[in-house]
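J.: These are the residues of each chain, in order.
There are 4 protein chains.
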Amino acid sequence: MVIVMSPQAGPVELGQVQERLQELGFGLHVSKGVERTIIGAIGEKTPELIHAIEALAGVEKVVPILKPFKLASKEFSAHTEVKVGHVTFGGEQIVVVAGPCAVEDEEQLLTTARRIKEAGAQILRGGAYKPRTSPYSFQGLEEEGLKLLQAAGAETGLPVVTEVVNPKDVELVAKYADMFQIGARNMQNFTLLREVGQSKKPVILKRGLAATVEEWLMAAEYIMKEGNYQVVLCERGIRTFETATRNTMDLSAIPLIKELSHLPVIADPSHATGRKSLILPMSKAAVAAGADGLMVEVHPRPEQALSDGPQSLNLNEFGALLDGVQPLIKVMGRKV
Amino acid sequence: MVIVMSPQAGPVELGQVQERLQELGFGLHVSKGVERTIIGAIGEKTPELIHAIEALAGVEKVVPILKPFKLASKEFSAHTEVKVGHVTFGGEQIVVVAGPCAVEDEEQLLTTARRIKEAGAQILRGGAYKPRTSPYSFQGLEEEGLKLLQAAGAETGLPVVTEVVNPKDVELVAKYADMFQIGARNMQNFTLLREVGQSKKPVILKRGLAATVEEWLMAAEYIMKEGNYQVVLCERGIRTFETATRNTMDLSAIPLIKELSHLPVIADPSHATGRKSLILPMSKAAVAAGADGLMVEVHPRPEQALSDGPQSLNLNEFGALLDGVQPLIKVMGRKV
Amino acid sequence: MVIVMSPQAGPVELGQVQERLQELGFGLHVSKGVERTIIGAIGEKTPELIHAIEALAGVEKVVPILKPFKLASKEFSAHTEVKVGHVTFGGEQIVVVAGPCAVEDEEQLLTTARRIKEAGAQILRGGAYKPRTSPYSFQGLEEEGLKLLQAAGAETGLPVVTEVVNPKDVELVAKYADMFQIGARNMQNFTLLREVGQSKKPVILKRGLAATVEEWLMAAEYIMKEGNYQVVLCERGIRTFETATRNTMDLSAIPLIKELSHLPVIADPSHATGRKSLILPMSKAAVAAGADGLMVEVHPRPEQALSDGPQSLNLNEFGALLDGVQPLIKVMGRKV
Amino acid sequence: MVIVMSPQAGPVELGQVQERLQELGFGLHVSKGVERTIIGAIGEKTPELIHAIEALAGVEKVVPILKPFKLASKEFSAHTEVKVGHVTFGGEQIVVVAGPCAVEDEEQLLTTARRIKEAGAQILRGGAYKPRTSPYSFQGLEEEGLKLLQAAGAETGLPVVTEVVNPKDVELVAKYADMFQIGARNMQNFTLLREVGQSKKPVILKRGLAATVEEWLMAAEYIMKEGNYQVVLCERGIRTFETATRNTMDLSAIPLIKELSHLPVIADPSHATGRKSLILPMSKAAVAAGADGLMVEVHPRPEQALSDGPQSLNLNEFGALLDGVQPLIKVMGRKV
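Protein chains in written order, with the working numbering: chain D, 26 to 361; chain S, 26 to 361; chain C, 26 to 361; chain H, 26 to 361.
Hints were generated in silico from the structure; no laboratory data involved.
Here a beta-carbon is modelled for each residue, glycine too, at the ideal position from N, C-alpha and C.
Certain hints may be false.
[To be verified] Calculated lysine-lysine pairs in the BS3-like style (CA-CA distance at most 25 Å, straight line):
no.	chain 1	residue 1	chain 2	residue 2
1	S	K57	C	K86
2	H	K86	D	K99
3	H	K142	H	K193
4	H	K250	C	K301
5	S	K86	C	K95
6	C	K108	C	K200
[Said to hold, decoys possible] To list a few chain S residues with every Cβ distance to chain D over 10 Å, as calculated:
no.	residue
7	E79
8	T105
9	R157
10	S159
11	Q175
12	E196
13	K200
14	H287
15	P327
16	L340
17	N341
18	P352
[Said to hold, decoys possible] To spell it out: a stretch of chain C is covered by chain D in this simulated footprint if at least three of its residues, at any positions, have a beta carbon under 8 Å from a beta carbon of chain D; those stretches are:
no.	segment
19	263-275
20	294-303
21	306-317
Can you build the whole structure from these sequences, using the hints too?
T.: Rendered as structure tokens:
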């Protein structure tokens, strides 16, 4: 790391900072400029140390040089494929995950599952525990929803993914689902990340509403540190000043993640845009940007959905979406 | 609510929307303009309904008219005082909550507790469970930390507040602490909010990094809906494009909350600014804006702190802070 | 528009608001709900009126129903093609605009112009007036730069586009360039927009750093209101909390503009990302999202560029970019 | 500055970077760590150089160490007082600037001017050139408005400040007004900044909607570089995701500016909040945070205002505002 001394700092402060850094085992290179002195400190460091040094008298700022993530980094591994049943994220295939925002009943789920399979989706999604802004909104069918998911998966042969929101439900969810989803609001629910990290099931980790790419990779690091390396990242839009779309889809995060990390990354245009009409063009764009998959909300009757109706495609629209994205997938050298 | 039909919508779509609204028990007023038709729909509505109607053919947008929060609203109650031992939030007193970011050991905590009490603080804070961006950072002493907190509270007579991050720890934390804190990252951890809502202990609910004032009040609503009305809101900065400060302190949220809600609201200038030198002016500003209290990070040796050193005041600086804020408190007609 | 009365408003306030609206020539529909009364007001309205009504006693908020842009809207025209010499924006062709951030000298510009033409670009860009954050940065060659641009255009047969920053330079720039560029910082420099609107030359209007799509279309409206309908919009990233990229490229703005407006829209991945390595994937994504063109910074020696070096492609990299984007262009049914 | 080499960079790239830096006259200190090499480069640098070096092969990033502003910095001067007639910004007095958003007619302006003077304001504001989001909104009375302003100033003895939006109007505006205002949308209209910098009149420089504190000080630097050091900064809210207020008032910018710069800084709670009811608490907070003045919109009949009605105080409300802020001003050791 690099320590920048303030212009007011004298030799006493400089000496104290050097002493402290040496105590902590760093090798030092001091550069005295006309206005400021900077210290290059070489060695292992923990995040605490960086902050503690910033609090020393005379220090203006500390610039970390190394990326804080290790297991999630490209240096740790060149490429990871995450397998869920017969489906592989990060391989040649563009994986399409589809289904309703919330599991509502057997008919809704089975109808959807059959139709998305027919259209070419490989994984069924559906929420049994719904984190909703309002306590008066529908909160999900809970275990009953998990059972319906498992049954729809068994019936159609599609692996199922579902969100887990409470650390104590991780085991229960693992009984019914093939893959966990960590939602945007829980991206920094570290207790939940650790719990999911101790499970053997693969995980879709959505980007938090206000999370930087670095913080997102650090959240993956929490899961991986517990031994579970089966993490798929999912870009689902960040919060900005723009209100014409529900969120702002940060597609540049996709090639950026590909540079920084070995983990597969998919895109969710339904939550990112919140507008039905934007799902097709943004799905194409996500594939063109290098996404390994798409996650899309589908409901047999969006106008009666208990959650996220306006951004859900109906069954025919979903078929048309996959048809529309197909040529892009091919031209990118991938397949559905 | 008001339903705005799209310019392309014809009489068939209009009829379908009216029919659906009548089915749902709404009274309707239709206004046909030159370019668009709008429908005023009068009646009880749940959040699902709003969204479902937005998904009907021909609907451009649905504008909700009523605020979504009820128990947290000014209409529900004019004013709430939250009592923690002999301390009252929302009364005449400006409540000062102070202590280290993380409980590290007995000496650190006791030294701090004694000194902040002497300086005029009324509540001791300290983290036993630390949600940290990096899994390699210090994560807190857990139950051992809770015990140290309880002991320091007993020794000094200060009530203690500490963060709870896992729903399953709510009971354990309640055994040792006088008040819960819900951190910014967990503001929409609804499972945790519900659990804390079922407890009898008062709660400090910090604003999420990217939470609107409305979402923040909805988070309070989750706690209150379970029966716990003892909620104190805490503004701690939001995430914006500005990087000169750690976050952007949104002080206008304080008088705005006072208009919308009956709950007390305090301010945390330590996290909001992340810069020691800004804590005094922003504490004054928070009091002037109408805050009911301040939450400040204090550490006997910030340069050795395991967490948040650069924004922590040392014991003398904390004394000077309270001296500096005192005249503002008086001129606002409040007292420490 | 819809006027929402506050719950405290009584019949007197309601009467006053109705009277005022009738004076202003609106037709009214009043809906009394349990908690609030809302008024649908039908008629022509100017922006002032909306605001003035919001200031009347008893009014909680005014919800505008109509989009504020007219000439830029889809209702005004279904589709617009903007012609610059033999090049057409908004037609079948994906228009590639390329060149250095700043014109530095004849050799730099001519080398670049020849090579980008060879690679397949259709328009040459280059800045003669550079709006720079620092007054100590290179500010451009001014008229000298315009002359070099014109000469390079004549030599290669490429039309040239250049930024104009001062209303009084509009005429001068028009003498040398085939197309104006309005930069992000000047998107709401209304004096400049009006001046450019009175010219006959086509305009690239870049989105402001913090501009909503609606404000961006209103800026186009300023130009069009003066009689110049030859406006091409350019998405170049917005400012958000994310610092890993220079800006956040809001690709969803492209299909959204296509829904709302008839104007062509292109994308600038150089400014949007600020990272060389992201230009190729984001160019592909922009084309897949429906962009009508790309604007890319190219410099023969980026490491010596006087402006924006790190995000400039060198001449070979630019060739590779066009090769890489080509298949996407084809699969979208477009051509270079 | 500090140059961080990428982990893949070998001795050749390192050599090239060192050579280039030596050519440019920098002194170098190289620190080789386990994963990365960093170079401390000591010497004069211009913004171009930093960027150009970032484009060299093998360079991961360049970290600038020095602040880019010079004339605006605390190092250049400890404290500046800006005088407008008999009024001084940055002295003991809290300067109150008040008046209508737009000058509409003689009666409106004179009534306002007399009453704000009586209430204790020291400077009259009023817009003659209005930058409006919509071209269909009232754009100001232009020179006619300037004449009314000058007359109202002469009649009441209040100096007048007004916004200038076009570089070519600077001279004209200077004939009538005592002080320029640069609005938020023009904070990076560098042509305008330079023009105003060549005038002798003092300037209020509003912060841009999406401008960092550093960019804001760089805008002041543009004015000062031309020889005009009479710059007063004005915080007026930044654009964030929060929509409950018109903008987010970043009060922490005030004490931060006081640390970084010698220029006076005032606050505009009218634009920052856009809500009448928040003006009093946020004016108090601004004074408590250390602001040198307040800028407030006042209109005799806000409900008929041609601009910004809902956030304008009427004449009695303005009197009450100053009464309410008075005690805070005193306790801060300042006076009106």
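J.: Find the hints from earlier in the document that the structure breaks and name them by number, from lowest to highest.
T.: 3, 4, 7, 9, 10 and 15
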